[in-house]
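If you're matching positions, the sequence shown starts at 1 in my numbering and goes up one per residue.
No lab work stands behind these hints: they were computed from the structure. Honestly, I wouldn't trust all of these hints.
Here are the computed lysine to aspartate or glutamate pairs in the DMTMM-like style, where the Cα-Cα straight-line distance is at most 25 Å [stated by the list, open to error]:
#1 131 - 110
#2 131 - 82
#3 101 - 72
#4 101 - 45
#5 131 - 104
#6 131 - 97
#7 101 - 63
#8 131 - 167
#9 131 - 118
#10 101 - 43
#11 131 - 116
#12 131 - 67
#13 101 - 167
#14 101 - 117
#15 101 - 66
#16 131 - 106
#17 101 - 28
#18 101 - 67
#19 131 - 117
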Amino acid sequence: MPRHRHGRAEPEGRDSGPPADPVAVAREIALRQLTARSRTRAELERALGSRGVPPDAAAEVLDRFEELRLVDDAGFAEQWVESRQRAGRSARVLGQELRAKGVDAETVTETLAHLDDESDYRAALAFAHRKVRSLRGVTPQVRDRRLTGALARRGFSSPVIRRVLAEVTGGLVEPEECDPAAD
1 MPRHRHGRAE
11 PEGRDSGPPA
21 DPVAVAREIA
31 LRQLTARSRT
41 RAELERALGS
51 RGVPPDAAAE
61 VLDRFEELRL
71 VDDAGFAEQW
81 VESRQRAGRS
91 ARVLGQELRA
101 KGVDAETVTE
111 TLAHLDDESD
121 YRAALAFAHR
131 KVRSLRGVTP
141 QVRDRRLTGA
151 LARRGFSSPV
161 IRRVLAEVTG
171 GLVEPEECDP
181 AAD
């Protein structure tokens, strides 16, 4: 029995007969991709292109999937922002991530429109409360430096970081101690 590329056995009776219909191949690949997680149209286009699916077959399948709402960049963006903001990401970083996923600029802007400095502050504060637990036993200076770095890497601005550090440390942090540019 021939082996499939992932080590699974190829079913008997399946031969390498005539080439498969490109639309059927595109549909199968796209469905497999969507089974793992939601994806943007651009992500699916890249996956199909890398598997040798002709662009017209990919477009036909993806257009149909959009009609059926199996592919929905706006819905994907909303889910992505909700999930990643809970994980402690700033609006700026969320926008970068969505653009990297192939979400168009207008959809990114609409999705992030409800986020403001206060929502960034709340996300940063929630992250900082989780992070500070792992920093027990270190000096306050080390704790503040590590917390500042972690927040800066998640895209939070200096004013937000200062507010969060003041809240988490009980106001015991000096403003110059939490300038991410100083590290």
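Outcome of the hint check:
Among the hinted pairs, residue 131 with residue 110 is inconsistent with the structure: their alpha-carbon atoms are about 30 Å apart, more than 25 Å. Distance restraint check for residue 131 and residue 82: the Cα-Cα separation of roughly 20 Å lies within the 25 Å cut-off, and the hinted pair is therefore satisfied. Distance restraint check for residue 101 and residue 72: the Cα-Cα separation of roughly 13 Å lies within the 25 Å cut-off, and the hinted pair is therefore satisfied. For the given pair, residue 101 sits about 11 Å from residue 45 by alpha-carbon distance, which is consistent with the 25 Å threshold.
Between residue 131 and residue 104 the CA atoms are separated by roughly 33 Å; this puts the pair beyond 25 Å, and the hint is violated. For the hint pairing residue 131 with residue 97, the CA-to-CA distance comes to about 22 Å; that is within 25 Å, so the pair holds. Distance hint between residue 101 and residue 63 is fulfilled; the C-alpha atoms sit about 18 Å from each other, no more than 25 Å. Under the criterion of a C-alpha separation no larger than 25 Å, the hint pairing residue 131 with residue 167 is consistent with the structure, at around 14 Å.
Proximity of residue 131 to residue 118 is assessed by CA-CA distance (about 20 Å); at most 25 Å being required, the pair is judged to hold. The straight-line distance between the Cα atoms of residue 101 and residue 43 is roughly 6 Å, inside the 25 Å bound, and the hint therefore holds. Under the criterion of a C-alpha separation no larger than 25 Å, the hint pairing residue 131 with residue 116 is consistent with the structure, at around 22 Å. Distance check on the hinted pair: residue 131 and residue 67 sit about 42 Å apart at the alpha-carbon level, beyond 25 Å; violated.
Annotation: proposed proximity of residue 101 to residue 167 is violated, straight-line Cα distance about 34 Å (limit 25 Å). For the suggested pair residue 101 and residue 117, the alpha carbons sit about 24 Å apart, so the restraint of at most 25 Å is met. Note on residue 101 and residue 66: the hinted pairing holds, with a Cα-Cα distance of about 17 Å set against a maximum of 25 Å. Straight-line distance between C-alpha atoms of residue 131 and residue 106 comes to about 34 Å, which puts the hinted pair past the 25 Å bound.
Distance check on the hinted pair: residue 101 and residue 28 sit about 21 Å apart at the alpha-carbon level, within 25 Å; holds. As the CA atoms of residue 101 and residue 67 are separated by approximately 20 Å, the hinted pair is consistent with the 25 Å bound. Taking the CA atoms of residue 131 and residue 117, the gap is near 20 Å; set against the 25 Å cutoff, the hint holds.
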